[in-house]
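Chains X and L, in that order, give the protein sequences.
If you're matching positions, the first sequence starts at 25 in my numbering and goes up one per residue.
If you're matching positions, the second sequence starts at 575 in my numbering and goes up one per residue.
Any given hint could be a false lead.
[What the hints assert, rightly or not] Beta-carbon label-pair distances, calculated as ranges: (1) L:629 x X:36: 43 to 51 Å; (2) L:647 x X:103: 36 to 44 Å; (3) L:670 x X:81: 12 to 20 Å; (4) L:630 x X:34: 32 to 40 Å; (5) L:637 x X:55: 28 to 36 Å; (6) L:603 x X:39: 42 to 50 Å.
[Stated by the list, open to error] Partial chain X-side listing against chain L, Cβ under 8 Å, derived: (7) 67; (8) 70; (9) 73; (10) 75; (11) 115; (12) 120; (13) 121; (14) 122; (15) 124; (16) 126; (17) 127.
Rather than coming from a laboratory, the hints here were simulated on the basis of the structure.
For each residue, glycine too, the CB sits at the ideal point set by N, CA and C.
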Amino acid sequence: RKEVEQDPGPFNVPEGATVAFNCTYSNSASQSFFWYRQDCRKEPKLLMSVYSSGNEDGRFTAQLNRASQYISLLIRDSKLSDSATYLCVWGSGSARQLTFGSGTQLTVLP
Amino acid sequence: SQTIHQWPATLVQPVGSPLSLECTVEGTSNPNLYWYRQAAGRGLQLLFYSVGIGQISSEVPQNLSASRPQDRQFILSSKKLLLSDSGFYLCAWKGSPNEQYFGPGTRLTVT
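With these hints in hand, go ahead and build the complete structure from the sequences.
This is the structure we're talking about:
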């Protein structure tokens, strides 16, 4: 089983739509969780950390479910500029290393 | 603020040639540094990480090596490139508490 599993997509949604991505992780010792965004041919950029209580940043909401070992990202009111690949990331313990998912590709259509 | 630089941005090298990619970080001291590779259409593969000068941990056995000659400098090298070494090479530093921040990357094509 992969350490991090993501639906690769692609997800094609119209502008203004709400879209949700899930990601499952296999290591129950995982302590740190993140969502990164990667534009085509660019470096990944931190989108948001994921906290146990869930957290929101504008149109983006991240949730963590430790019992089922998955994290989710919800994007409301999608914009064309949200088109990118979204990477699910986790780290364990001191998080000296992070494990990256292969990403979910999102295209927001006009 | 912290910034991370990588060069060159793109590189085309023949099989069997040597490689040297450089990464430098500004605005932070004694950072944990990382080298990743991303093959076309694939996820990130951790190659090396370093917690300090001269300290290198290798994650994947291959014909690549890394060195950290200075606190904020991390170098990725190879003596002889293979076709399979083509990819997008990313350097990152570890922030606080645990997130990582990436440089702009080097796109390597081995021909």
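(Q) Please check whether residue 630 of chain L and residue 34 of chain X have a Cβ separation lying inside 32 to 40 Å. (A) Since residue 630 of chain L and residue 34 of chain X have Cβ atoms about 37 Å apart, the given range 32 to 40 Å holds.
- Evaluate the given range 28 to 36 Å for the C-beta pair formed by residue 637 of chain L and residue 55 of chain X. holds, 34 Å
Per the CB criterion, is residue 73 of chain X less than 8 Å away from chain L? holds, 6 Å
Per the hint of 42 to 50 Å, is the separation of the Cβ atoms of residue 603 of chain L and residue 39 of chain X within bounds? holds, 44 Å
Return the status of the interface hint for residue 75 of chain X: holds when the least beta-carbon distance to chain L is below 8 Å, violated otherwise. Result: violated, 11 Å to nearest chain L Cβ.
Given a cut of 8 Å on the nearest C-beta pair, is the interface hint for residue 67 of chain X held or broken against chain L? holds, 4 Å
Hint residue 127 of chain X vs chain L: min CB-CB distance below 8 Å?
Constraint on residue 127 of chain X satisfied, holds at 7 Å.
The hint says 36 to 44 Å between residue 647 of chain L and residue 103 of chain X; measuring C-beta to C-beta, is that right?
The hinted range 36 to 44 Å holds for residue 647 of chain L and residue 103 of chain X, with Cβ atoms some 38 Å apart.
Inset, instruction - Verify the interface restraint on residue 122 of chain X: the C-beta must sit less than 8 Å from at least one C-beta of chain L. - result: Hint on residue 122 of chain X: holds, closest Cβ of chain L at ~6 Å, below 8 Å.
**Prompt:** How about residue 124 of chain X: closest beta carbon in chain L under 8 Å, or not?
**Reply:** holds, 4 Å
Report task. Using 8 Å as the Cβ threshold, decide whether residue 121 of chain X counts as touching chain L. Result -> Interface hint status for residue 121 of chain X: holds (6 Å vs cutoff 8 Å).
| field | Satisfaction of the residue 120 of chain X interface hint, Cβ to chain L closer than 8 Å | value | holds, 7 Å
When the structure is compared with the earlier hints, a violation turns up for hint 10 alone.
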